[in-house]
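Chemist: The chain contents come next:
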Amino acid sequence: MSLTFHIPGALREFAAGQSTVKIDSPCKTVADALSALWTAYPALRDRILNEQGQLRQHINIFIGNENIRYTGGLSSPIQDSSEISIVPAVSGG
Amino acid sequence: MIGQVLGHCRITAKIGEGGMGVVYRAYDELLHRDVAVKVVKKGAGLDASSSQNLLQEARASSSLSHPNICAIHEVGETEGDLYIVMELVEGKSLYTMSAGTGLPPESVLRYGVQIASALSRAHDRGIIHRDLKTANIVATPEGLVKVLDFGLARRMGGGVLEALTMSFSAVQGASSVSGTLPYMAPEILRGESVDARGDLWALGVVLYEMASGRLPFEGRTGFEISTAIMREMPKPLGPPVPPGLWAIIQRCLAKEPLQRYQRASEVQAALEAVQSGAIVSPNVAPDQDQPGPPKMTTMHSVRHAQVKKGDLLLLIGTTKGAFILRSNAQRARWEIGGPYFHGHAVYALAYDDRAGQHRIWASTSSYWGTLLRSSPDFGKSWTNPQEAPIRFPADTGTSLKNIWQITLGPADEPNLLYCGVEPAALFETRDAGETWTLVRGLFDHPHRPRWLPGNGGLALHSIVLDPANKQRMYIAISSGGVYRTEDGGSTWTAQNRGIRAVFMPDHYPEFGQCVHKIAMHPSRPGRLFLQNHWGLYRSDDAAENWTDIANGVPSDFGFPIVMHPHNPDCVYIIPVDSDEFRCSCEGRLRVYRTRNAGATWDPLARGLPQKQAYETILRDAMTTDSLDPAGIYFGTRSGQLFGSRDEGKTWQRILEGLPSIVCVRTAVVDGGSASTVRSSTTTRSDVTKSAPSHKTHRSSSRTKTKKK
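The listed protein sequences derive, respectively, from chains A and B.
Start counting at 1 in the first sequence, then tack on 5, and there's your number in the working numbering.
Start counting at 1 in the second sequence, then tack on 2, and there's your number in the working numbering.
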């Protein structure tokens with residue numbers, strides 16, 4: 006299964022400077038895919054999830070154009086060739 | 003031409019010439035300023051229609067107002083020649099500056115951000131540059147970038163472009179200006195319509211050239227260059243170019259416009275993200291050859307204060323980053339370093355010179371979580387941990403929101419530190435920050451479920467160590483109150499007798515008070531002062547009982563409370579109007595000082611704004627230094643930093659225009675001595691170390707404490 010992660014600018018230093026990361030790994034859910042991403046780039050984990058394994062409050066993950074907050078969160082299913090975007094929310098001051 | 007008048011500009015000198023035009027220095031006799039005048043010669047490839055278009059577009063571009071865009075003041079014709087009067091920019095072109103091996107990454111980022119900002123403004127106004135290149139970007143000696151010739155390229159042939167884009171690099175000896183072909187996007191070469199993304203491609207070329215000193219697409223002929231642009235990938239840039247910058251350049255140079263950044267503001271944001279600390283230093287990263295991010299991040303693109311032995315430092319935390327200011331003992335002028343951690347809130351800072359080190363600790367908080375970081379070299383490089391070092395254990399079900407306080411252990415335990423965090427908890431490290439442990443005795447306290455968050459969250463914001471008793475420590479929580487341990491943190495008791503909680507049915511509960519800050523003088527550890535959410539208190543019995551000392555202050559609502567460094571009877575506060583209106587009382591910014599432990603308070607206002615000054619000073623945004631006479635410093639939510647070098651008699655505004663200031667700390671740099679901790683960060687050692695180091699002390703015996 007091939008997945009593509011789109012890495013936001015602020016996190017690229019933790020992904021060898023890449024804007025996209027391709028992962029070849031059998032994954033059923035976003036959580037599986039993220040685990041595969043941490044395996045390659047472990048420092049991304051604490052920037053995206055808190056220490057309880059929950060998605061940080063102001064971070065959104067999209068599969069294609071769909072925000073996983075509306076599709077089952079980290080349990081959202083993914084498919085081969087899914088494009089997963091990690092995006093900071095539009096919030097703050 | 004010299005001496006002629008074009009419009010109202012008298013030509014004074016010729017400063018460059020290209021194939022199609024001449025650039026002159028001129029004096030605007032109407033507005034009395036020096037300007038540059040570019041004259042495009044007759045027959046320079048312009049027919050009548052093109053001339054009119056050039057004039058129209060130059061006029062449109064003259065509406066652009068941006069600090070990084072060379073302003074066009076006037077356009078006109080003289081005897082058939084077109085002339086353009088523009089801002090005189092004295093500096094070197096990036097073409098000249100990049101020649102050879104390129105510029106340091108920090109310069110590439112600094113200039114790149116400015117160029118992207120200029121493009122963003124122009125694109126927002128519908129103006130596309132169309133001929134962006136290093137030859138028409140000038141950097142002044144102050145580091146300000148000016149992009150020349152916006153909008154002038156639309157109707158022009160290449161030769162005319164060359165003339166028009168000739169800049170002051172000619173003065174600097176660059177007699178020829180490179181053509182525009184190496185900067186042209188593939189879609190231009192394909193003859194397709196061009197939009198703003200063509201400028202972003204050119205920006206990628208400019209960044210590459212600045213970073214390496216060479217063009218990304220080269221060739222001996224125009225055909226070879228065109229082929230390279232259309233088909234080849236640029237040669238990768240390795241260290242010292244940081245990976246983040248290389249990634250940005252690659253995206254700018256995507257062959258298909260849709261694969262590039264779509265807006266200049268995106269490029270600007272990406273460059274700023276790298277500036278903020280995403281730059282890998284090959285000199286610092288100890289495991290550079292290993293996969294994964296560096297353990298240290300070098301702040302290449304940040305201006306650093308050049309710290310020397312004997313300097314006084316001001317560490318400033320704001321909601322959008324940190325600053326390090328330095329001065330000498332006179333404290334008259336300040337050199338500013340920063341901002342560090344662009345866009346990250348820095349609520350806690352501390353300077354640690356125990357065991358001969360010079361370490362600045364900082365908490366950073368953003369979308370991406372909260373980290374405790376430290377710098378061994380006054381901000382030039384910072385730890386960049388893969389995992390957040392402070393984290394709640396899984397069984398707590400709790401996650402870290404912010405680090406509010408960093409407190410050093412005693413001088414003889416240089417690896418011991420404490421952090422107070424939100425949600426309210428205390429962490430400690432005994433290995434200088436490698437591993438942190440949740441202080442369970444406090445976290446498991448039966449009161450904890452009934453603590454309530456204040457306006458700023460449920461924060462443990464104050465940690466006070468007893469320098470005479472290593473087993474005793476005080477903490478304060480908003481809203482939970484004061485707690486004390488007598489056994490090194492295993493057990494804790496609420497110590498709030500006499501402190502009001504106006505928002506509770508019982509105004510004097512055992513716990514639950516919204517304490518804003520507590521302070522202790524190390525020479526008198528049994529006595530504490532407390533600024534409450536309504537209420538100003540002193541305890542003379544190690545927090546067993548608290549006495550109201552709001553004698554004559556305009557309001558007993560406020561946030562910070564700080565001790566004079568040498569006088570245990572002297573305390574400073576800044577009252578604000580009320581809970582509802584948390585601004586300086588009556589629009590007058592006044593510090594209040596007691597020199598008799600709270601029996602009376604005096605306003606200190608000389609030099610502070612006294613009209614329409616509705617300022618808020620947060621709990622950690624005030625501090626003192628350890629010099630004599632003592633310096634007092636505070637920052638406002640409006641981003642102003644004030645200081646007094648005479649113990650509060652007179653004040654000066656040190657800085658304004660910062661983001662909201664949430665933390666102010668001081669430190670004296672002692673040059674590596676392990677003996678004396680002289681920081682506004684309280685340590686247990688202060689009682690024995692700092693007191694003898696100052697020649698003059700205001701003894702507590704000079705003023706009699708009046709107990710109520």
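Mixed in with the good hints, there may be bad ones.
From the structure, some residues in chain A lie toward chain B, with a derived Cβ separation under 10 angstroms [unchecked claim]:
1) Glu18
2) Lys27
3) Ala36
4) Pro47
5) Gly58
6) Gln59
7) Arg61
8) Gln62
9) His63
10) Ile64
11) Phe67
12) Arg74
Derived PhoX-like pairs: lysine-lysine, alpha-carbon spacing no greater than 25 angstroms straight-line [unchecked claim]:
13) B:Lys297 with B:Lys257
14) A:Lys27 with B:Lys237
15) B:Lys257 with B:Lys322
16) B:Lys297 with B:Lys322
17) B:Lys472 with A:Lys27
18) B:Lys237 with B:Lys322
Simulated from the structure, these hints should not be mistaken for lab results.
For every residue, glycine included, the Cβ atom is placed at its ideal position computed from N, Cα and C.
Chemist: Does each hint fit the structure? Answer for all of them.
Modeler: The hints, checked one at a time:
A hinted interface residue such as Glu18 of chain A counts as satisfied when its beta carbon comes closer than 10 angstroms to some beta carbon of chain B; here the least separation is about 4 angstroms, so the hint holds. Hint status for Lys27 of chain A relative to chain B: violated, with the closest Cβ pair at about 15 angstroms, above 10 angstroms. For Ala36 of chain A, the interface hint is violated, since its Cβ never comes within 10 angstroms of a Cβ in chain B; the closest pair sits about 16 angstroms apart. Nearest Cβ of chain B to the Cβ of Pro47 of chain A: about 6 angstroms, under the 10 angstroms cut. The hint holds.
Satisfaction of the interface hint for Gly58 of chain A is found here, the shortest Cβ-Cβ separation to chain B being roughly 8 angstroms, below the 10 angstroms cut-off. At its closest, the beta carbon of Gln59 of chain A sits 7 angstroms from a beta carbon of chain B; the interface hint therefore holds under the 10 angstroms criterion. Using the Cβ-Cβ criterion of 10 angstroms, the hint placing Arg61 of chain A at the interface with chain B is satisfied: the shortest such distance is roughly 6 angstroms. With a least beta-carbon distance of about 8 angstroms to chain B, the hint placing Gln62 of chain A at the interface is held under the 10 angstroms criterion.
About 4 angstroms separates the beta-carbon of His63 of chain A from the nearest beta-carbon of chain B, less than 10 angstroms, and the hint is met. Because the closest C-beta pair between Ile64 of chain A and chain B is about 6 angstroms apart, less than 10 angstroms, the hint holds. Taken as an interface hint, Phe67 of chain A does not check out: its beta carbon lies about 15 angstroms from the nearest beta carbon of chain B, beyond 10 angstroms. At a threshold of 10 angstroms, the smallest CB-CB gap from Arg74 of chain A to chain B is about 15 angstroms, leaving the interface hint violated.
For the hint linking Lys297 of chain B to Lys257 of chain B, the alpha-carbon distance of about 34 angstroms lies beyond 25 angstroms, and the restraint is violated. At most 25 angstroms may separate the alpha-carbon atoms for a hinted pair to count; Lys27 of chain A and Lys237 of chain B meet this at roughly 22 angstroms. A threshold of 25 angstroms between alpha carbons decides the hint, and for Lys257 of chain B with Lys322 of chain B the separation of about 36 angstroms lies outside it, so the pair is violated. Distance check on the hinted pair: Lys297 of chain B and Lys322 of chain B sit about 23 angstroms apart at the alpha-carbon level, within 25 angstroms; holds.
Distance restraint check for Lys472 of chain B and Lys27 of chain A: the Cα-Cα separation of roughly 53 angstroms exceeds the 25 angstroms cut-off, and the hinted pair is therefore not satisfied. Between Lys237 of chain B and Lys322 of chain B the alpha-carbon distance is near 36 angstroms, which puts this suggested pair outside the 25 angstroms criterion.
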